[in-house]
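Residue numbers (the numbering used here), protein chains in the order written: chain U, 2 to 308; chain Z, 2 to 308.
Honestly, the hints are just simulated from the structure, not real lab data. Just to be clear, a hint being listed does not mean it is correct.
Heads up, the list lumps identical chains together, so a pair's fine if it works in one copy or across two of them.
[What the hints assert, rightly or not] With a straight-line Cα cutoff of 30 Å, these simulated BS3-like cross-link-like pairs (lysine-lysine) come out:
1) LYS227 x LYS278
2) LYS125 x LYS277
3) LYS127 x LYS277
4) LYS160 x LYS278
5) LYS127 x LYS278
6) LYS227 x LYS277
Model, not experiment: these values are computed from the prediction.
Protein chains: 2
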Amino acid sequence: MSFDKLQDQIRTMKNPTVLGLDPRIEYVPQHIQDECYAEFGHNIQGTVEAIYRFNCGLMDALCDIVPAVKPQAAYYEMLGWRGMEMMERTIRYAKEKGYYVIADIKRGDIGSTAQAYAEGWLGKTKVAGEDVENFGADCVTLNGYMGIDAIQPFLDVAKAEDKSLFILVKTSNPSGGDLQDMVAGDRVVYQVMGDLTERWGAGTEGKYGYQATGAVVGATYPADMKELRQRLPKTFFLVPGYGAQGGTAEDVQYAFDSYGRGAIVNASRSLMCAWKKTDGDGRDFQEASRKAAIAMRDDICKYVTIL
Amino acid sequence: MSFDKLQDQIRTMKNPTVLGLDPRIEYVPQHIQDECYAEFGHNIQGTVEAIYRFNCGLMDALCDIVPAVKPQAAYYEMLGWRGMEMMERTIRYAKEKGYYVIADIKRGDIGSTAQAYAEGWLGKTKVAGEDVENFGADCVTLNGYMGIDAIQPFLDVAKAEDKSLFILVKTSNPSGGDLQDMVAGDRVVYQVMGDLTERWGAGTEGKYGYQATGAVVGATYPADMKELRQRLPKTFFLVPGYGAQGGTAEDVQYAFDSYGRGAIVNASRSLMCAWKKTDGDGRDFQEASRKAAIAMRDDICKYVTIL
Chain U
2 MSFDKLQDQI
12 RTMKNPTVLG
22 LDPRIEYVPQ
32 HIQDECYAEF
42 GHNIQGTVEA
52 IYRFNCGLMD
62 ALCDIVPAVK
72 PQAAYYEMLG
82 WRGMEMMERT
92 IRYAKEKGYY
102 VIADIKRGDI
112 GSTAQAYAEG
122 WLGKTKVAGE
132 DVENFGADCV
142 TLNGYMGIDA
152 IQPFLDVAKA
162 EDKSLFILVK
172 TSNPSGGDLQ
182 DMVAGDRVVY
192 QVMGDLTERW
202 GAGTEGKYGY
212 QATGAVVGAT
222 YPADMKELRQ
232 RLPKTFFLVP
242 GYGAQGGTAE
252 DVQYAFDSYG
262 RGAIVNASRS
272 LMCAWKKTDG
282 DGRDFQEASR
292 KAAIAMRDDI
302 CKYVTIL
Chain Z
2 MSFDKLQDQI
12 RTMKNPTVLG
22 LDPRIEYVPQ
32 HIQDECYAEF
42 GHNIQGTVEA
52 IYRFNCGLMD
62 ALCDIVPAVK
72 PQAAYYEMLG
82 WRGMEMMERT
92 IRYAKEKGYY
102 VIADIKRGDI
112 GSTAQAYAEG
122 WLGKTKVAGE
132 DVENFGADCV
142 TLNGYMGIDA
152 IQPFLDVAKA
162 EDKSLFILVK
172 TSNPSGGDLQ
182 DMVAGDRVVY
192 QVMGDLTERW
202 GAGTEGKYGY
212 QATGAVVGAT
222 YPADMKELRQ
232 RLPKTFFLVP
242 GYGAQGGTAE
252 DVQYAFDSYG
262 RGAIVNASRS
272 LMCAWKKTDG
282 DGRDFQEASR
292 KAAIAMRDDI
302 CKYVTIL
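Isolated chain U, as found in the complex (with noise of 0.2 Å):
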């Protein structure tokens, strides 16, 4: 229920971290782009294959010692239909390997048309009479600004088929205080948010207390951080912004409850580009990500304590 598969999992593995694939083609070592445009051609088949094949290679290193991941989709847009082909074969094979797979969305539309993304991102669309997955994900990112209308069919997904979705609350990103920072009466919006979050996921509490509605809450504002993780108890947090965008372990520590639980601390391009840092020449890329997963994981636990 909820959150719990993915908490199972970061408690066994103790490790309260994901991997964000957030690939560009520059982040996959020259062989292997070498490889697959002798294969499939100097074109964006050759592109989409090579990043396939990188991501594979990242899962294959990491499945026995990170809990989960999270494809960003924008980078598979971006290359078309031919990278969302791509990203559904990722989603798949991160769930054979075994991981709690989050697709980093962020959709947000009115209910019928949140309906239409909740089927392809979640669960089942009827199409010629019968259920197809498409996307299949465990659990999506979402983005609240139009109220409920557009969480309610993601989270009636959940809870029909056990899966659960974050809601963007406090961003990592510098200017995520444009709007969420403003004063609404004596709160802030990202706490209207946070508070909206809570209530929305209200009666969906798995067996660590976590509702099947969790939050983005960046870890480059420690201080707000550690403020919503008491006034949201009963939310389970994404955490960005660890490495690359400033976050430290000290920071993302106020992230987890008492008993080191509720939440997930992301990490992208450090993983995914950690064979850049070493003097090979990318041949040592499973090495050299699994190095910097295990860091990652040592770091936090200096702080957290998975009970």
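We have chain U already, so just place chain Z on it with the hints.
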């Protein structure tokens, strides 16, 4: 520059409306479904082709009287990558027919990710040394919850390639107010978002005085729309909510400036499913949609004179 191309087409056709292409297979007349299931199989490909044929039929029927189309990504994504491939084809066909294409994607993410979305949807992606156009829309809808970081990459492409964008300000759905109507100082949240939208587009005015950053403002709150029209004199409005959602021509008149410019009104189901309200079996779908489109145009033009 900015919305000039769209406004020019609206003036030529004397019609400030956009055909929303939000297709579900249930909207497609039976004879088209039968043809495509026979030709491509009783499966997802057959479904995709039936929708494509229907989309094209609608666009053929309206291209001399309706200036723009707005495909809603959700209805294509719900069919997985095959749906996305068909969305690319739909956009390509629309441009061949002379339509201004607004991709209704409501994306919003941090800088580097927004950059990827902007490349995929408005601009070009560098692939194997070449610039590849994927979705290639003229305009997109965006969500500004994450601030200017989520908008700037799109604005850069818009400036460079004479394109434009709409940011969600006041949406037409019942729960739009959950966040948008919260009081924030001496404004409410949607006014804050509107003011940001107008500020972000500064310096991109086209010949009609409108910036490249438009706003989505729902028809279902006419008093708010009237106030926003005065508040945001340089912001072009995309107006959903006419027809099925309850907005009337009398309501939407407030979206326009005193020259009858600066806004476009969307209709999706009322045009796509017009054939369901005739006595026919769906073979008359083009004629039915054309009649509905003309009726909508004439209805709005009772209140709005386009100079």
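Evaluated hints:
no. : hint            : result
1   : LYS227 x LYS278 : neither (33 Å within a copy, 56 Å between copies)
2   : LYS125 x LYS277 : between (39 Å within a copy, 26 Å between copies)
3   : LYS127 x LYS277 : between (44 Å within a copy, 21 Å between copies)
4   : LYS160 x LYS278 : neither (43 Å within a copy, 36 Å between copies)
5   : LYS127 x LYS278 : between (47 Å within a copy, 24 Å between copies)
6   : LYS227 x LYS277 : neither (34 Å within a copy, 55 Å between copies)
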